[in-house]
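Peer 1: One-letter residues, chain by chain:
Number of protein chains: 4
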Amino acid sequence: MSSKGSVVLAYSGGLDTSCILVWLKEQGYDVIAYLVRERPRCLLVSVCLPASAQVASLSAHCYSFKPGFSSLKPGDGGVSAEAPGALYASWPLSLPTSSSGFLFPQVFIEDVSREFVEEFIWPAIQSSALYEDRYLLGTSLARPCIARKQVEIAQREGAKYVSHGATGKGNDQVRFELTCYSLAPQIKVIAPWRMPEFYNRFKGRNDLMEYAKQHGIPIPVTPKNPWSMDENLMHISYEAGILENPKNQAPPGLYTKTQDPAKAPNTPDILEIEFRKGVPVKVTNVKDGTTHQTSLELFMYLNEVAGKHGVGRIDIVENRFIGMKSRGIYETPAGTILYHAHLDIEAFTMDREVRKIKQGLGLKFAELVYTGFWHSPECEFVRHCIAKSQERVEGKVQVSVLKGQVYILGRESPLSLYNEELVSMNVQGDYEPIDATGFININSLRLKEYHRLQSKVTAK
Amino acid sequence: MSSKGSVVLAYSGGLDTSCILVWLKEQGYDVIAYLVRERPRCLLVSVCLPASAQVASLSAHCYSFKPGFSSLKPGDGGVSAEAPGALYASWPLSLPTSSSGFLFPQVFIEDVSREFVEEFIWPAIQSSALYEDRYLLGTSLARPCIARKQVEIAQREGAKYVSHGATGKGNDQVRFELTCYSLAPQIKVIAPWRMPEFYNRFKGRNDLMEYAKQHGIPIPVTPKNPWSMDENLMHISYEAGILENPKNQAPPGLYTKTQDPAKAPNTPDILEIEFRKGVPVKVTNVKDGTTHQTSLELFMYLNEVAGKHGVGRIDIVENRFIGMKSRGIYETPAGTILYHAHLDIEAFTMDREVRKIKQGLGLKFAELVYTGFWHSPECEFVRHCIAKSQERVEGKVQVSVLKGQVYILGRESPLSLYNEELVSMNVQGDYEPIDATGFININSLRLKEYHRLQSKVTAK
Amino acid sequence: MSSKGSVVLAYSGGLDTSCILVWLKEQGYDVIAYLVRERPRCLLVSVCLPASAQVASLSAHCYSFKPGFSSLKPGDGGVSAEAPGALYASWPLSLPTSSSGFLFPQVFIEDVSREFVEEFIWPAIQSSALYEDRYLLGTSLARPCIARKQVEIAQREGAKYVSHGATGKGNDQVRFELTCYSLAPQIKVIAPWRMPEFYNRFKGRNDLMEYAKQHGIPIPVTPKNPWSMDENLMHISYEAGILENPKNQAPPGLYTKTQDPAKAPNTPDILEIEFRKGVPVKVTNVKDGTTHQTSLELFMYLNEVAGKHGVGRIDIVENRFIGMKSRGIYETPAGTILYHAHLDIEAFTMDREVRKIKQGLGLKFAELVYTGFWHSPECEFVRHCIAKSQERVEGKVQVSVLKGQVYILGRESPLSLYNEELVSMNVQGDYEPIDATGFININSLRLKEYHRLQSKVTAK
Amino acid sequence: MSSKGSVVLAYSGGLDTSCILVWLKEQGYDVIAYLVRERPRCLLVSVCLPASAQVASLSAHCYSFKPGFSSLKPGDGGVSAEAPGALYASWPLSLPTSSSGFLFPQVFIEDVSREFVEEFIWPAIQSSALYEDRYLLGTSLARPCIARKQVEIAQREGAKYVSHGATGKGNDQVRFELTCYSLAPQIKVIAPWRMPEFYNRFKGRNDLMEYAKQHGIPIPVTPKNPWSMDENLMHISYEAGILENPKNQAPPGLYTKTQDPAKAPNTPDILEIEFRKGVPVKVTNVKDGTTHQTSLELFMYLNEVAGKHGVGRIDIVENRFIGMKSRGIYETPAGTILYHAHLDIEAFTMDREVRKIKQGLGLKFAELVYTGFWHSPECEFVRHCIAKSQERVEGKVQVSVLKGQVYILGRESPLSLYNEELVSMNVQGDYEPIDATGFININSLRLKEYHRLQSKVTAK
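Protein chains in written order, with this note's numbering: chain C, 1 to 460; chain R, 1 to 460; chain X, 1 to 460; chain Z, 1 to 460.
Worth flagging that the hints you see were computed from the coordinates, not collected in a lab.
Warning: the hint list may mix true and false statements.
Note that the list lumps identical chains together, so a pair holds whenever it fits in one copy or between two copies.
[As the list claims (entries may be wrong)] Below, computed lysine-lysine pairings styled on DSSO-like, alpha-carbon distance capped at 27 Å:
hint, residue 1, residue 2
1, Lys396, Lys456
2, Lys247, Lys277
3, Lys388, Lys356
4, Lys4, Lys160
5, Lys247, Lys224
6, Lys456, Lys388
7, Lys277, Lys388
8, Lys25, Lys188
9, Lys308, Lys396
10, Lys247, Lys287
11, Lys263, Lys287
12, Lys356, Lys396
13, Lys224, Lys388
Throw the hints in and build the complete structure from the sequences for me.
Peer 2: The structure is reproduced here in structure tokens:
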């Protein structure tokens, strides 16, 4: 059978995308698996494949933008110079093969963690982006980041197709595909979970397991939780399964990124977070003096501190783009601290009326990100405007992190619009109290007119 | 000296308004003191007057809308049937007199606690009202409630003037006066802190103390905190003094309405809060079965539970209406629980697009309340619209209250728009996955066109 | 062949829907043709069928809500008492038949003109609804009106299907179908122009003509314009064909509802339009005293006057819901006059801040109507809020209509918020000019603070 | 008497500011008169002073930023090289003197016409700025332009005061003063019409006339209209006097900038207006080939054409910033053409969703300009964002100007997002009609859910 062409598959290493990978080959496509690494230190945890699986010519095609990655090949120890610790302890990398041998023509492993933080999370922090007043958009932000890289690979490799394992009822399919179409309109997306020939064949997990067994796809040995999870550097979501009943409480053992607040330490960590242009540039642990100054490191450090203190859990019902309500439980540790700290330094340094306009733009931004329109003219426009508003959002915020909560303790800034003398109750400053009389009187003019009319109407 | 007429003074019993009271008499006004009671159980705590002070004809003019109040007179024990506990333990009511005798022509004691909850706090809960993303508007909501009653008394008593002790730099002066002018445009407001003849005479606390001593005004014996406080049933604010430096952390002993979260109980209280039309109608403590069903009682109970667990503290810099930034520390215990619980039941029962429009109205509402425009045509209009949006916001939310945090555990509703079958990952339901393909394709059309243009532009 | 069930077809009498009608029968459906009459006096103009066509049992199923319609039957003269003039001059009603005889099981002729005006156009006038700042939404408003009735018939007749002739690239398909699904979720829509078996068979007008000839469908004898038109009581649109080139100017003979402004009368008509609750209740021609007081009549009269003077033409490029830009030329005679007159009386009677909030709601309303969401929870909500805002929009506006323009000449109202004495340059009234000083000073406070910061930043 | 210091007076040459000028001298100020010229060719029309008046040392202090102005001195012919025509025909400049001689220490004549067009009118055109849906903001835009220059002179000359003749009930006082305080917070504004010592002395026009006579101030000989006027390069406003009754129609002879539409030419002028970055860069009269390419010239040419055809008249009731409603009649000839032409080219080239966000910003911009906040952080921010949105608003619009109306005839652009093939009714293009089915179905999902709930509720 002649090939239908190449397809770049967003491959997670889980059962679904492993089966999709083999199925795509069955359908006649050359498959390029693309493993995204927006989560440093936990890249391959979910792959869980036996070392015996065969992988062909991995090193030959391995893209990498970090020094430590360039020479990875099967059998390597996989420790990256850049991210200390047991980064690649799970190597030698083992990927599924068909029983007959070479499964993959190509595998790309992309480290997008830094660009995820700087190009996606930072704008969200600047925007104070909350979807429907609660959701910090952890998954939504990751999707355009992943899909952008996927398109990049497709373009470099001359692949006409991209594929993903997102379901047909969710938001992720939209986020993936709108990104693809925005950046490469001619690309074709293969979404198996929306293709009757796929979803009629694989009606449940058992069908996938059976298929995996037949095709030598390693099957996860850990028992599956009765809910689904999706994790990245910023957050983790839990949904489906027993959580579909919105009254069911989250089971105790569900959470993985944050400690149970009831069991968290009894003493807070006190952090000083420094912002420049609305973005954190330095985090200092006041007690032990620990300091982090690069985006990725400080974000990971905040994840660690917040996680230890149980910060960032929510349980919500939200409105999906396709129009249904769904229930999700999320953990967003570092994001939660930064949301609060940024709000505070922004309020301290930004003019009231600019803030009000920016608040409206932030609402729009959150909606656009949630619905998958990151790569759209309107989202580009909104990001530009919000970035403009952040030019003078600069200063330090002191926060206490304790038992699931983030408390603002104080703030300082060289660019503050706060005027201690002006606001003082003890000092008059340049302020003339009599002016307030005129201000109030003029503001009441319209109200008095309205009262006049009401009296007239009532008199009738 | 013939009288200049009657003035109804919003009298708190503190040093400032006690001095203003005497000063107004000096200026030739007949003063009607008006003590507002929007805080059940703590009405007269702040008055702190010696029993020897003489009060004339109090009972004759005492307005009351609650049964237990109608027969109050000097010397009464002051226990109200309606609000159990040591409500009036501080009676006999003792109010400042001049050394020469009768100070007051009239005193009105108004219990507005129920109307404060039902007519002011409930609409704020329905609106999810947050000023500048953080402030639940505790003080802002109380002002129009107090001023409305003050105007009512002025109208009944034929007083042409009202007076208050608010400073000339704050928001409260605006909130008081806009309410007065809205409801009674012909009324004149006397704001001593904006009158040079007053503020030049009383340049600091010492001047007031001296004046009080001279005029037999009882002086608070408790040492004054180095900050100012303002409390009502919903919240308490701390500002000024040492808090004026926005970097200074709140001193440990500052908080009065909530327990230190670090010292709060290690086990949560689990509450079930039931809403109807967006308003709480029943609170049940799941553990001990305690239940409250009237607005005032359930609100006070939530204050108690939240206070015990340290819920509702914030430290913010906000933008005052008159244009300066100020720093405030607030506690809003019950309000914080209700904010979260209401958000949840609303998201569960309200259509996505209605919610988005209502969110915009809620932002407007918060701004109007903060700036003192409660009694304005636009705020009336917004309240009407928001109330309309709440008609089907009904159901029960389970929350856990622990260590300063409120966690949503689950929710149920007879009017939910959540469809468990539709959203299920395991059941297809009526949903056709193929429709999502068309949905995404059409949504991408515009993005593809934009890409086409960009390519054209770049090609040039 | 056993029937697949009944389908209610929105039938215009034109070539497309006539062919669709026959094609649906071919496919095995029982067809109920539904002719909507939202344009009084021109109901059947477009049918143009030969008198020889056979129609079965029409009278038996003819619904009618107007007295004059109840006894219509084939062969009747068809003059309605209610709408004088040559209303049914084209009767006996002749509808297409197959050569073999009975084509229609049923025909419904619905007069929705009054409900179109009162339930759809009036709310749009109250909202000052303009899509993208220019389009008065003439077509958009008609669609939910037509589709609602179509669903009503389907429900009464037990039909499971509805069908329409809208194209697959336009807005109308969305408007029709969202209305159907909103009101009757279980209904199935048959949209032939989106079905490959239909659009691959009928690739152009010639294919339709050929098919019509084969099936005895009467073919319009008038030569088709090189553009398409869609008309209703409120407006007419011209698009497609030679107008698809956005640079091409409208040909001189294109317009049908309005006179060429250059050739319009040299003297204006002066109208006095009276509003109550934001809706016109009386129109008087000041010169000749003509008066109209019912909604339908006054709207038709305004169409006549505006049309005579060339009022209501626009040529725009707009953004369709599905994401493409299209070019349309529209005439909306009465709607244009009412838009301007209503703006004026609203500005005269509505509080400034209420107006600003209502303006935002009106923008949302326009978007919802354009995109087909008339029958949606959010549009219901917005209409409710806007109607509330109109309670006191009452009074008379004098307008001059001349050469394509509507000029406001003056206005009066018993509920105006305009205060001639207050605004007078000659009378001081209650106004204290000194108050403006305080007002300005307080408003400048924030600006001065911003300047202070800028100086500080620059100084660095 | 020693001088109180220098005051820069915005001097119009009319009775009011002439009297203010002398009065300020009386009060002990050194007065610097500042005559603004934002209206080329009609600078001194309103001065109307007899040639015999003495003016001292004018040339010595005459600022000018245009080459042609630098050498102006009393007695000069005053023809500017830059603005051909009878620009300074009224020279020698004659300004009021006291009978005793030197009235003015200094006179500054500033030509701000180009910066008015480029820095103030162009951003308004880009913003499609309309206050309350109708007013093109002609006066509002001029004020910050005038006041900015006034502050500039004050700063150069070391004057601590600025003064203006705006009334205490209007918007202009706010616009002047907020600009002053924004740009120079330490400056003091002297607003005589808000000072009791001034307005109690000059209670009406007669008092001013008397004063003028006493002080040798030339009195305008032309009879004053029973309304007041204010003109600049962009527009003219008529208000007050007989126009204060909102029912009174504008008298026939009132208009000065536009021809009566009824008497305007019977044949249109056809213009092609070319935009780049949302700003007009070229205007061509299609009939006679006249072309203008500089901002000032093309704007003046459009004023001429629009004026000839009676374009740009409105009669409105608007809401002033200080809270009262006022009635104004305005002419904005060129602005009206540009508003329409810009809307059209913007719709043609801007993405739908960007447009929607920009529309919101434009509404905000209009409000800020109207209320005098041009020089504010929020207005700067909004202008920046709007300018960003205009980067690709480029192309040519053809318009017809006739009898008071502007008709769009067609448009073209190298950066259009319009895709003729995509939208075509005859060509399928890349478009898949079947996608619309999915799009509609998914959009209906939410509506069906809402219907399901309603049925459930009703069933109860």
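Peer 1: If a hint holds in the structure, say so; if it doesn't, say that too.
Peer 2: Against the structure, the hints come out as follows:
In this assembly of identical chains, Lys396 and Lys456 lie within 27 Å of each other by CA distance solely across copies; the values are 18 Å between and 56 Å within a copy. Taking CA atoms no more than 27 Å apart as the test, Lys247 paired with Lys277 passes between copies only; the shortest distance there is 20 Å, against 42 Å inside one copy. For the identical chains of this complex, Lys388 and Lys356 are neighbours both inside a copy (14 Å) and across copies (19 Å), given an alpha-carbon limit of 27 Å. For a Cα distance limit of 27 Å, the shortest separation of Lys4 from Lys160 inside one copy, 9 Å, qualifies, whereas the shortest one across copies, 42 Å, does not.
Proximity of Lys247 and Lys224 under a CA criterion of 27 Å is satisfied intra-copy only: 22 Å inside one chain copy versus 49 Å between copies. Proximity of Lys456 and Lys388 under a CA criterion of 27 Å is satisfied inter-copy only: 19 Å between copies versus 49 Å inside one chain copy. In this assembly of identical chains, Lys277 and Lys388 lie within 27 Å of each other by CA distance both inside one copy and across copies; the values are 9 Å within and 19 Å between. In this assembly of identical chains, Lys25 and Lys188 lie within 27 Å of each other by CA distance solely inside one copy; the values are 16 Å within and 37 Å between copies.
For the homomeric pair Lys308 and Lys396, the shortest alpha-carbon distance inside one copy (23 Å) is at most 27 Å, but the shortest distance between copies (31 Å) is not. Only between protomers do Lys247 and Lys287 lie at most 27 Å apart by alpha-carbon distance; the minimum there is 17 Å, versus 41 Å within a single protomer. In the homo-oligomer, the alpha carbons of Lys263 and Lys287 lie at most 27 Å apart both inside one protomer (21 Å) and across protomers (20 Å), since each shortest distance falls under that limit. Taking CA atoms no more than 27 Å apart as the test, Lys356 paired with Lys396 passes inside one copy only; the shortest distance there is 22 Å, against 33 Å between copies.
With identical chains, the CA atoms of Lys224 and Lys388 are never at most 27 Å apart, being 46 Å at best within one copy and 45 Å at best between copies.
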